[in-house]
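Engineer: Chains H and R, in that order, are what the protein sequence lines are. Every letter in the first sequence is one number past the one before it in the working numbering, and letter 148, counting from 1, is 148. With the second sequence counted from 1, adding 1000 to any position gets you the working numbering.
Heads up, a few of these hints could be off.
To be verified - To be clear about the criterion: a stretch of chain R counts as covered by chain H if any three or more of its residues have a C-beta under 8 angstroms from a C-beta of chain H, and this derived list gives those stretches: (1) 1013-1026; (2) 1060-1066; (3) 1172-1185.
Treat the hints as calculated values from the structure; they're not laboratory data. Ideal Cβ positions, reconstructed from N, Cα and C, are used throughout, including at glycine.
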Amino acid sequence: MRDDRIDARKEATRLAEPVEEAANLARKLGLDPYPVNYWIVDHDEMNELIAYGGFQRRYPHWRWGMAYDRQRKQDRFGMGKAFEIVNNDNPSHAFLQESNSLADQKAVITHVEAHADFFANNEWFGLFGDGQGEDRSDLDAAAMLERHAETIKGYAEDPEIDRDEVERFIDAVLCLEDTIDQHRAFARAGDRRERDGPPDLRERLDELDVSDDVRRQAFDEEWLDELAEAERAEARLEDPHNDVLAFLMEYGRQYDEETGKAVEFEPWQKDVLEILRTEAYYFAGQKMTKVLNEGWASYWESLMMGDENFAADDEFVTYADHMARVLGSPGLNPYKLGMELWQHVENVTNRREVADKLLRVEGITWRNFHDVVDFEEVADLLAPDPAIASITPETLGDLDPDDPRVDAEALAQALDGKLDVSAYPWKVLTTEGLAERHFSLCKPQNRGFLRRIRRSELERLSRYMFDDAKYGTVADAVADVDYGVGWRRMRELRESHNDVTFIDAFLSEEFVKENDYFTYEFSQATGDFRVASDDPEDVKKKLLLQFTNFGKPTVAVYDGNFGNRSELLLGHQYNGISLDVEQAKRVLERAYDLWGRPVNLMTIVKEYDEHELEIARRRNREPTPTEAGKRIRYDGERFETHDLDPELEERIAANDIDYDTKPDDWLA
Amino acid sequence: MGLREDLDRFREVGERRREDLKEFIRYGDLGGSDPDSIQVPIKVVDLPEFAYDPRDRGGVGQGGDGTPDVGQPVGPPQPADDGDGDEDGDPGDEAGEHEYYEMDPEEFAEELDEELGLDLEPKGKEVVEEVEGDFTELTRAGPNSTLDFERLFKQGLKRKLAMDFDEEFVREAMRVAGATPDEVFRWCRGEHILVSRAWIEDQWDSIPDAERGRWESFEEMVENVERETTLERIRREGIREVPFRREDERYRHPEVIEKTEKNVVVVNIRDVSGSMREQKRELVERTFTPLDWYLTGKYDRAEFVYIAHDAEAWEVDREDFFGIRSGGGTRISSAYELAARILEERYPWAEWNRYVFAAGDSENSSNDTRENVVPLMESIPANLHAYVETQPGGTAINATHAEEVERAFDGSDGVVVAYVSDPADVTTAIYEILSTEDDE
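Go ahead and model the full structure; you've got the sequences and the hints to work with.
Structural biologist: Encoded structure:
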């Protein structure tokens, strides 16, 4: 008789050392992860965890059933092996699949440690707990989600409440899940930025103590009414509310069929709305940093497993296969993009450091740099000290305990035989030592990177060189290279950036070209998608479009009393890319369920002239659409589309970026 | 469990319930979009959200080696594929002209049973689960909630009945003139009153002297004093008088029922030698896939072993199984040797039901079938061995493996041979295979 727990325990024992050492290695490399609790689970449990988004308990809803169904099928038919689950929590909880090979488990563990470091240090995750690192010790996401689950389950099972209604209500809120103000700390996101409407002029006049006579003569009632109205109108539209869910929570109603009126939400509805909004904020951090986070984890995993031999020799092939599968999946792969970006940042930073030192050598200037510098020589000089690069019990004697790159205590232990240096050579080094050992520019795949530095960059470096420390020889200059700059910069960046800011800052021309990125667009002329541009600026724009605001158009509340009839006015903040209007209408239907009174959506649509379309198809030329502002209204039964008031249209119109990357003579 | 329920509700959405969500249901496919991969139908419910018009949005792609030329067509936009299990990642659905109905292997097996009139009974092998049955066992200790109160009370009642007596009546007996405790005792016992001598002696002094001699004789007393039965007493005094003793406590305990786990391992063997071209490979896939699904649906647990062979055999993953093609010659026994080893090591006959399905175009090295394959097939215990000959256009001259096997095992229930020369034959082949079964 098999006891599943015995298998799990055996696995846990087997993994105890890798888990401990991975955490140690991560810290040695300069990372600072949340502590991680590892759990061994079997196939079924893993599928369940994945279905629940990495947690053990979520509120009752068919969406988890859908995820579970899909996950089981993927698992059963061998598509997409699930490797790891780790959640953003302190301590983090990570789940490992019982049946994985040791190599796979190690890959997962190293990957997880890097994730835990990201969660702990990235400020976008901090927005939820309102802190960073230690300050987030109060976060217990698993418990929070479980509480939510318990509460909603209670409502679902309450005999007084219609189960389907609960589900329907949740569905409605989920449609608006991303209409939150993800750039503000959760604690403060609900506060309205808008200042209160200016007090009625009449009140102000009262305060000024103007006599009745003067008032009557100077300001007649009608005029004062109009002024008050105009000021209120302006106040209303001045600052749209990005946190639509908060707005609905405060002002939303439900439509009561019987009385034909909009009535307050039931307590359970308010509760559910609040819970789902909280969860949306919790997960926002993850959604906003997907590329960054996955790239970060992949980078460190690869370094620990490959470069630092965390994978034993016989495990390496399995590991290589694992990596190939993860990085090889088609389409825009966040792991790959993220990892490539981080590697690029590291290389660029290291290169700048080396170039800076070289430019201070007598006789080297930015003009003659490429002619005078012997890149082979520099590469040799840059290579890590052999005693650091290769550490065996025999070479331990070459290490000096006073050297800042050496961990004196560990070295002593190793010499005493208390530390296995063959298994864990990295233990006798400090972060500084490891930085040298793994200096990116010395890796074979980065050999040409230094040489590819642009003249423009060299010129800029020279221009801002203030202290003129000079080196007599290249050797002297290289000896002074700070090997740790790359990693330090990476650590800085992982604190402050999210996907959008990161891509905006670091997706350089060099990166786009090196990695063969291109944009594609829909052609009205041919009726399909075609390659549009490989210009780095265009690629960056398109990528930003994919990541800004979760890849979705920004919709905000512009008025809670539109037309003075308590109608809701939502506005799509148009950036040149139009909305999927049909789908938006479906969302409006559900927004109606949460407002109780008619709802409106402002947007700008692109209209194509039929005739122009015909010509375009015949001549393989893209037609030019005309943009028109529209207001779509739903009253619970019917849709109406109106032309948008020009003033309103101005409020939502695009101003700066044009996301269209179609070249002028595209398919001619 | 929460997820099971969520799964049920998901299945009902748009169908039995929540018709308002019907318009958001999509039937797509899991699995790669390359021609060799298998499509697994999947149902997706996409709640509407504020999204960009996909045509207006365009996207970013990554070239393999250099970027493609401007103006070149690209496939329809593929959403990002996640390696892990996050919330996103839709299946590719451009082939979505077909409407698949989401099928569970169990449902599939049922349908196939009906279609083909099959009757395969999965066999239980080793005992794996001990399942809790009804609460019929009794133990002397347990949690309070499982206490068998009725029993406790009945025992207490019995106790009381065994020891109970009408005290007042006995006291009256003590008031009989001239009686001594001993006499009273003996008289009571004669009357089947369960009092003890000690009790009488104990109570003797509590009777005031003035009351002694109230009765002339026992008979007089009996005539004048009413006797209360135990039941009346209990009724009067209340249930608290029923003594509950620790030793009477019994706790209900679920009966442990042993369930034998019905598990099965299916060994799929395929000839991947040079002669196995596209058409033949497709036929193999069309035959094996439903067989796999069927068995998955019938058994609690199904595991699969995939063996590809030409002149040698090697184990592969399912993903690679149908696509592989090598250039070598063919020696079918290599596959059986490997299968025998794998089954021996990982799937002992005592614990696992086994099906060994092999497919190819019947080509084999000379004498290999007779000298090696047949003996191997005999020596590997299994519920069923099957060979599927996929030969579009009928049998070829050198291809005799299937026939030889058929002749060798003629009359045996443990081996079945099927011939598939075009897709229409597949159903018949499946029927033949699944309706033959070695009765153990």
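Engineer: All hints, please: hold or fail.
Structural biologist: Each hint tested on the structure:
1. 1013-1026: With 7 residues close enough to chain H, the hint holds.
2. 1060-1066: Per the Cβ count (7), the hint holds.
3. 1172-1185: n = 0 at 8 angstroms, threshold three: violated.
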